[in-house]
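**Q** The residues making up each chain are set out below.
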Amino acid sequence: MPMTLEELARACNARIEGGDPMALIVSAGDISSAQQGQVTQLTNARYTHYLKESAATACFVAEGLMPPAFPATMALLVCTDPEMSFINAIGLLHPEPQYAATIAPQAVLATTVSLGENVYVGPFAVIGEASHIGDGSAILAGAYVGGRVKIGKHCRIHPYAVIYDGVVIGDHVTVHSGAVIGADGFGYKFRDHHHVKVPQVGNVVIGDHVEIGANTCIDRGALGSTTLGQGSKIDNLVQIGHNNKIGRHVIMCGQVGVSGSCKIDDYAILAGSAGIADHVTIGQGAVIMARAGVAGDVPAQAHYFGSPAKDKRVAYKEQIALSKLPELLKKVKWLEEQLQQLEKGQD
Amino acid sequence: MPMTLEELARACNARIEGGDPMALIVSAGDISSAQQGQVTQLTNARYTHYLKESAATACFVAEGLMPPAFPATMALLVCTDPEMSFINAIGLLHPEPQYAATIAPQAVLATTVSLGENVYVGPFAVIGEASHIGDGSAILAGAYVGGRVKIGKHCRIHPYAVIYDGVVIGDHVTVHSGAVIGADGFGYKFRDHHHVKVPQVGNVVIGDHVEIGANTCIDRGALGSTTLGQGSKIDNLVQIGHNNKIGRHVIMCGQVGVSGSCKIDDYAILAGSAGIADHVTIGQGAVIMARAGVAGDVPAQAHYFGSPAKDKRVAYKEQIALSKLPELLKKVKWLEEQLQQLEKGQD
Amino acid sequence: MPMTLEELARACNARIEGGDPMALIVSAGDISSAQQGQVTQLTNARYTHYLKESAATACFVAEGLMPPAFPATMALLVCTDPEMSFINAIGLLHPEPQYAATIAPQAVLATTVSLGENVYVGPFAVIGEASHIGDGSAILAGAYVGGRVKIGKHCRIHPYAVIYDGVVIGDHVTVHSGAVIGADGFGYKFRDHHHVKVPQVGNVVIGDHVEIGANTCIDRGALGSTTLGQGSKIDNLVQIGHNNKIGRHVIMCGQVGVSGSCKIDDYAILAGSAGIADHVTIGQGAVIMARAGVAGDVPAQAHYFGSPAKDKRVAYKEQIALSKLPELLKKVKWLEEQLQQLEKGQD
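Read top to bottom, the protein sequences are chains A, B and C. Here the first sequence stands for residues -4 to 342, numbered as in the working numbering. Here the second sequence stands for residues -4 to 342, numbered as in the working numbering. Here the third sequence stands for residues -4 to 342, numbered as in the working numbering.
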């Protein structure tokens, strides 16, 4: 919702330099395209050229990163951490939709469901037996919550997310549309020429402040729990197999795959489309680079690249060497010829 | 719906040679298995052998590509572009299901929704505040359309597709089941040992004649729009991150991933499972081959292969060289031995 | 449901050694964490150390694989195949939820739907014209079944799975949430600067005892059928394009992609994120290793690795050689210098 520059500055811990403190800020914009009525941010000296002709009404800048040139009408919002101030500003100018504390008449709740205070349940949502939804949580239209599920406080379950029976979700968790939490893990034993299913009777346990992207799948444990620690953020179309133990503040980007029974330690980062074989440990703070295929354990803080993945310093050397290989083949051929001539010379 | 050979030929701009113009054509079939009552096509001389014993009632062939042998009972439908004529024939013989202009009593539409003419809304579909559905569009059972969404004319939104708030969709757009358009982009800043979410307040804007596959995800822009130009075709399980600007007539095959803030120019083709790092530009008409991992800009018309992806001529040379590398290791060892012997000889 | 050790042993073909035959077994647990009241299994001598201090009430062991040390209170359940006996035990202790033979009042069934005996249809499920659901099948909440679909006996279609028109599914098939069976294949012809859609008018035919993971997509054939043979098991987020003919007892792990018109023979195994180009044949029992990219036919029983994929013995040799390549570059440089010195010596 719109606010004056002065109000915005105060709310975001910034000092105004120039501009009109009564100017109305309506929305947040990108530095390359911000218009009048918008606030933007400058976080990198590379982008100062955008400011020169920008129509933005205001711009967050860091103490000490003053832009060399900017329009006289633009206000600078000087602060210690412009990225965080800008995040605050976006949140204030574009508040998330709120859901009234109502249960849509078209929702189907089992009689044994227990609801906290200020819970919203949208039309066509289904909540199964003995499940609990915590205070302030919103189960949006068509979200499916199975039986014996526990969802904490201030969660948001988007349309057509599916939470299978027995899943436990902490507070302040967002599950985007189409995510499937708690489907069967993929486990079979081969007998008499066919695959016999190992019943998957565990569950999924998700910590506080986790965000789960659209169409991501997290399978239930075979016997125990697949776990996902607090503060971890999972992007879209990620596959997390059964029995994985995923730490806190882990990042998994789009289309990552973690097969099963892995241990992903706190603060690990799995970049886009990275894949992890089963029973692998990824150490604390390790970075698995985009499209890497990891078949063995990765030490803490290491950066791994390639498929099969190796420490990135090793992998980069190999990639550079590979680019020289076609030339090397020619050179070795030439060396061989030289050698043959030398041998002839010796005869 | 069934039609006579004569009717079909006229509708598809073809000349009948042989066969019975009154024969009934019931459906279209593949050249390798077409049966009596079916029409098929011959588009490649490699497949003429299938025709020899085919029971198909008719076959589209190109002027100048007459099959050497085919059953006397088979009619040839001679035309200039058999692929296009066959596409027309399939459409006529197998018309798409049409939806009556009705709103299912089990749908939930906000009071401020505006509907064009001849709109179908299926059971359990949900349409949010201030959204608009254009003439002739069908919102199938259970499709979810958020608030302030604009859907153009003659669109088809399949069951359980989810369109988040504020998304704009052009005319003649198809969204398959489970696709999620407009979920939050994946953006966090790391502060005080945890990931702080950057609010994602932009939207997605989709041009005319776009098709979006099942379970594909297209994230909303962080501040502005993620855009997808007219005529682009996106297969299943594709991930398109926030702020991407995707041109017109772009092809993305199954499981492609485009991280974020990329520019994919018109007519680019991204083959299956290709992945594009963030802030990359893919030039007009460039082809990113299957499973390629692109980390930097790709020039127009270039063909890129491998991961990390390179111009395919370079990448192929490296792959061929790699296959010779085990032998090269042996040869260098042998050269070393020869050289040592030569050195001994010189002493 | 809980049972005594004696009951469990009898039901699972095991002989009790030690422990109390009247002890109550409540659930199944993993060998590393099983507690009192739980039964576990020992299938590998590597894990015997877990048993030494285990609180498990009972443990399945193979004749001839007796653990060297285990608590006196623990009963051994000696049998010929502990994995299968344990699978039976899990099934008995954790029975799958059963669904009463009812049609939820919130379901929408076309008047021409035919239902077998003991069918469950959950709230907000939709079943289209002329479709048939076989005896004992459960169509869970919000599952969408199009028109002219045939679903066999004892199937389970999970919430928000989508079965498009005309799909045929055998008996004992499980389809997990968000799976989309029968969406359009991805086929276009390029004419006049745009992509013209080839109508996709075939269907999908799925055999008995197939399991399909969450958010997996199987496209309908362009003209004929995409087929999936009996006993095949498909994990989550798998993409199976149009016209593929997939045999019996095939395994596809998470995020596998099969483009189109492929033939995957019986008992083939496609490990996680493997990808198959179009028109490829994968021979019987072949194993495509994780993340392999297959561009050509693979013989029966072969193991393929890498991208582009090769027989794993060849691919491994290349990978090992690649790791020696940076050293090889140095050595060839040194050889060149030696040779130049020799040449000088000859002058």
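These are calculated hints, taken from the structure and not from any lab test. Hints are not guaranteed to be accurate.
The list cannot tell twin chains apart, which means a pair is met if one copy fits it or any two copies do.
[As the list claims (entries may be wrong)] Listed next, the in silico DSS-like pairs over lysine-lysine satisfying Cα-Cα at most 30 Å (straight line):
id, residue 1, residue 2
1, Lys240, Lys145
2, Lys192, Lys145
3, Lys307, Lys47
4, Lys326, Lys145
5, Lys47, Lys325
6, Lys325, Lys312
**Q** Now tell me, hint by hint, if it's right for this structure.
**A** Results for each hint:
1. Lys240 x Lys145: within (19 Å within a copy, 40 Å between copies)
2. Lys192 x Lys145: both (27 Å within a copy, 24 Å between copies)
3. Lys307 x Lys47: neither (39 Å within a copy, 41 Å between copies)
4. Lys326 x Lys145: So Lys326 and Lys145 fail the 30 Å test inside a copy (67 Å) and across (63 Å) alike.
5. Lys47 x Lys325: Classified as neither: same-chain Cα gap 53 Å, cross-chain 51 Å, threshold 30 Å.
6. Lys325 x Lys312: Cα proximity of Lys325 and Lys312: in one copy and across copies (20 Å, 12 Å).
Checked against the numbered hints above, the structure breaks hints 3, 4, 5 and satisfies the rest.
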